[in-house]
Every structure is written in structure tokens, then in C-alpha cells.
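K.L.:
Sequence:
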Amino acid sequence: MQGDYQDGRLSPLLFQSMLFIGVSLCSDTALNTTGFNNRYQAKEVFYQRAKDIYDSGWETDTVIKLQSLFLLSFWRGSPTEERDVRFWLGAAISLAQRKGMHVMSKLSFLNTKDQKLWKRIWWALYVRDQQTSAALGLPPRIRDEDCQIADLEAADFEESEPMGPPEIFRTPPKVHIPYVIGMAQLARLLREIVCSQYLPGRSKLDNDARPILHQRLVDWESLLPKEMQFQMPMNREAMFLVGMLHMAYNNLYILLHRPLFLQPPGQSANPEGNVALDAATRSTRILEDMLSENLVQHGSVHLITHTFSALCINTIHFGRVIGTARKLAEHRAKLCLLGLKELQKSWDLENWVLDLFFRCLDDRTAHDLRLANPAMPSTLQTGDGRNIEEISPASPASGSYRPRSPNTAEDLLQTPNMMHHHNPGEEAGINMDWYELFNVEGDDVMGLAGSLSNPDYLNTQNLEFLAELCKIAAENG
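Residues -26 to -1, 1 to 451 in mature numbering (1 follows the signal peptide of the UniProt record, and there is no 0) are what the sequence shown lists, from first letter to last.
Errors might be hidden in some of the hints.
Straight-line Cα separation of at most 20 Å, SDA-like style, residue types lysine to any residue; simulated pairs [what the hints assert, rightly or not]:
(1) Lys148 <-> Lys73
(2) Lys80 <-> Asp120
(3) Lys148 <-> Asp120
(4) Lys87 <-> Phe131
(5) Lys90 <-> Thr8
(6) Lys39 <-> Arg94
(7) Lys148 <-> Phe214
(8) Lys148 <-> Arg210
(9) Lys200 <-> Arg256
(10) Lys73 <-> Tyr28
(11) Lys73 <-> Asp88
(12) Lys73 <-> Lys90
(13) Lys80 <-> Ala124
(14) Lys39 <-> Lys90
(15) Lys148 <-> Ala128
(16) Lys301 <-> Asp342
(17) Lys319 <-> Thr8
(18) Lys73 <-> Glu119
Distance windows between CB atoms, simulated [claimed, not checked]:
(19) Glu166 <-> Ala124: 16 to 26 Å
(20) Arg300 <-> Ser82: 31 to 41 Å
(21) Ser79 <-> Gly31: 22 to 32 Å
For the record, the hints were derived by calculation from the structure and aren't laboratory data.
Remember, predicted model here, so these are calculated numbers, not experimental data.
Think of the CB as a built atom: it goes at the ideal place given N, C-alpha and C, for glycine as much as any other residue.
Using the sequences and the hints given, assemble the complete structure.
P.N.:
In C-alpha cells form, the structure reads like this:
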């Protein structure tokens, strides 16, 4: 790619796709130099350009099309848009499978450079497919039993081609390689957890696979290289990737043990349920450190899923405890909400998702957890005494391009009774038949409702919304 850029041969399709991702994650300062009114407008412009080039059939290089389709899978669009994350990702996976990227025998015909590239592309598709499918509660497009591809190794990231201009092609931090390898390993564990715990007809409470998978998670962490262990102090670049890796790791503990955590405390509670709470607490601490360094805004889209998962666990715990423990749970829940607000800047997390969350709470709890009014900036103190400003997402200027969002940014911060009571699920076309992953339904609903100390903690008429809450949040960014 460096050579193509320097020679002026960079694919227009890939270039526009890269710009689409670039304006999604760049700093506000960099975005201000582009001339766009807001981030969403910039994203749509580059997305539409890339989509038009792809539709025209101009690009004939399969690998370039694969790379571009993968990047376009991060487009959110409107809730009813057909070309969503699953469309673009499915197109990329189908193209990769037709090319034979999922079997080692095809790689043997390639030179070493292309072998490494194919492996990196395939594993990027695999990770994205497993995370997206799990978050949406939909079957993955890639099945392990159909594939025979070697695991990623550090050698797969070694490049013989010299780097281009340093202002364009910066050398990645050292933790970049073990981060990608670790995410691929966690994606495989994610698939096993989903298959063992969340497929239709599987028991979530009496499951022989749970202790086995728990031990595999423990073993995975024990084998992490030193630079990928979350330990302070840590430089900013390392904290970003290490933090995201460990939040993905903690989220697997939440998925594995959430059914036990949701059991009513007084009804033969299983101590293993606290594993989910411990994992949510660890994720919140990581999020706090990343917020302090202004890193969350630049995080992966799947950080939404992991943050929302921790938020739900912290909120349930908030309703179960009293005194200091309750104050700590409230603080952790607010940190998660602040993290989601930061992610909203990059991934257009729809306001109605958090609206939906607050509608599942009683007014007192919603009032306790909601963040400050946008017109009245305040600060949230971190565990080490630092203050983080609670910044509200800025609304576009009058007359400028406005994102296609059902609610205004201010709605996100209001209590349920202050909002118009429409049904966001109808607007998004929620499929209520999806098997649940982050959602709470069936036996879990009764466990959740019975576990709360305050019988009015949840508005019972809104429990069906909670069934889709985390799942919807995951890919509405």
C-alpha cells in the first residue's frame, strides 16, 4: 500500500473507505480541518463515495475489494437501511471464501508476503463476524468447522517493504501485534461461549461447559505476554490497546456467568454469579483509566457492547445493595454512561438506545444515574481523585446536516417521564425472535425482576425492551 500511495496508484475504493474510517476515529482537531460540519456528515460523504465506486464495478482487485468491504462494514446508517454491517461484512466473507482464504491449502500457492496478508484479512473478518453476530444475537457467517487456517503469529505482521513517509505511515506501537493476536483468540472463545450458553434450548443455569470455559479464560490470561497485562503505570498508546483487549476479555466472563448473577440473591444464590460483577467492575476501572486519557472516543465499535454490558451489571447491582456499596455501584454505572457518551462521538450511538435503558428504570434510579444536563457542565471524579468533565455531544449548528436520529442529544440525558413515549423498537425493526445474548428474557427476566431490592426498580411494562437492549446497542454505533 505504501508503494501504491507514493506512486499515485492507490485504489480510489480503498482510499475512500480508509477516509471513512479515518474521520470516524480521528481527533476533533483533525476533523475540524476537513471542512465538514460534523463527524456524521464526513462519514456519510466518504461512505457514499466508496459505495458508489464499489457499485460501479470499477475495482477489480479482489484483495482490495475485501479490504474495502471490511471497512465499509463499520457503516451504521439508518435503522431500516438494507446495506448495514451484516450486508457489507457478509459480502466480504463470501468473497474471501470464494477466494479460498479460509483453507490453508490455498495459501500454499502464494508467496510469503501474500500468505501473511491473506491470514491477516481472514482473521480480521473472523473477529468482526463473531463479535457482530454475538452482539446482534444472529448466527455467524463463519463456522469453525468449515475452516482450516493457522492461528496468527507475530511473523504474520513482519513487513519487508520499507515504510513510507513517517507523517503518513507511522510505525504501530509494539503492543499492536499481540493485541490483534489476542483479539483473534478471544473471538474463538466468544464463539464457544455463545454456542454453549446462548443457543436455543440450552440451559443457562445448569451447564457443564461453564467451568471448562471459565478455566480456558483463566488460562488465556495467564499466557498473555507481559506487555499485554493491564498493570499501571502504562503509557497512553499501550493503555489504549491493552485496555480494549481486557474489556473484551472481561465481557466474556460476563456472558459466561450472567445467568447465575441474575438469580435472586435470596434463592440459593450461586457464588459464581459474582464473577460477572467482578468482571464488570474490572471493565469499569479500565474504562475509567481510558476516559482519563481521552482514549475512549477512539475505541473500537465493539467497545460499545462491552461498556453497555458492564453498565447493565452495575445497574442491577446498584438496585441490590445499600450504603457505600450502592454509591460505588452508582459511580461505576455513571462511568459506563460517560464512556458511552464518548463513544457516541465516533460511532453515532443512537440516543434512543440509552433512552430505552432509562425507560426500564424507575424514576428515582434513572434520576440517580443520569448524567448532567448539557447546559450545565459538571465533573465526575475518578477513583484516583482526578476530575473528568461530563461533556455532552454537541448538536450540529442550525441548518447544518443532522444525523438520522429519532431523538435529540438532550433526550439521552433526561429521565423517562420527561420523554415522548414512542416505541424505538418499532422504528428499528427489532427481531424479537433472535436468540438472546446480552438481552434478558424468559427465565432471566424473572431472575432480574426478583433480584432487585426495590419492587418498583423496573417498569414491568418495559421489560420486553430490556430483552433487546444490549444487543441493539452493540451495532447502533
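K.L.:
Indicate, hint by hint, whether the structure satisfies it.
P.N.:
Each hint tested on the structure:
The straight-line distance between the Cα atoms of Lys148 and Lys73 is roughly 31 Å, outside the 20 Å bound, and the hint therefore fails. At most 20 Å may separate the alpha-carbon atoms for a hinted pair to count; Lys80 and Asp120 meet this at roughly 14 Å. For the given pair, Lys148 sits about 33 Å from Asp120 by alpha-carbon distance, which is inconsistent with the 20 Å threshold. Using a Cα cut-off of 20 Å, the hinted pair Lys87 and Phe131 holds, with the two alpha carbons roughly 10 Å apart.
Pair hint Lys90 plus Thr8 does not hold up; C-alpha atoms about 34 Å apart against a cutoff of 20 Å. At roughly 15 Å between alpha-carbon atoms, Lys39 and Arg94 fall within 20 Å of each other, so this suggested pair holds. Distance restraint check for Lys148 and Phe214: the Cα-Cα separation of roughly 12 Å lies within the 20 Å cut-off, and the hinted pair is therefore satisfied. For the hint pairing Lys148 with Arg210, the CA-to-CA distance comes to about 13 Å; that is within 20 Å, so the pair holds.
Simply put, Lys200 and Arg256 have alpha-carbon atoms about 18 Å apart, close enough for the 20 Å limit, and the pair holds. Between Lys73 and Tyr28 the alpha-carbon distance is near 18 Å, which keeps this suggested pair within the 20 Å criterion. Our distance criterion of 20 Å between C-alpha atoms is met by Lys73 and Asp88, whose separation comes to about 13 Å. For the suggested pair Lys73 and Lys90, the alpha carbons sit about 15 Å apart, so the restraint of at most 20 Å is met.
Proximity of Lys80 to Ala124 is assessed by CA-CA distance (about 12 Å); at most 20 Å being required, the pair is judged to hold. A hinted pair counts as satisfied when its Cα atoms are at most 20 Å apart, and Lys39 with Lys90 qualifies at roughly 17 Å. Restraint check for Lys148 and Ala128: the C-alpha separation of about 11 Å stays at or below 20 Å, so the hint holds. Distance restraint check for Lys301 and Asp342: the Cα-Cα separation of roughly 10 Å lies within the 20 Å cut-off, and the hinted pair is therefore satisfied.
Of the pairs offered as hints, the one joining Lys319 and Thr8 holds, with about 16 Å between alpha carbons and a cut-off of 20 Å not exceeded. Taking the CA atoms of Lys73 and Glu119, the gap is near 18 Å; set against the 20 Å cutoff, the hint holds. At about 19 Å, the CB distance of Glu166 to Ala124 agrees with the hint of 16 to 26 Å. Range check, Arg300 to Ser82: Cβ separation about 60 Å, and the 31 to 41 Å hint is violated.
The hint said 22 to 32 Å for the Cβ distance between Ser79 and Gly31, and at roughly 30 Å that hint holds.
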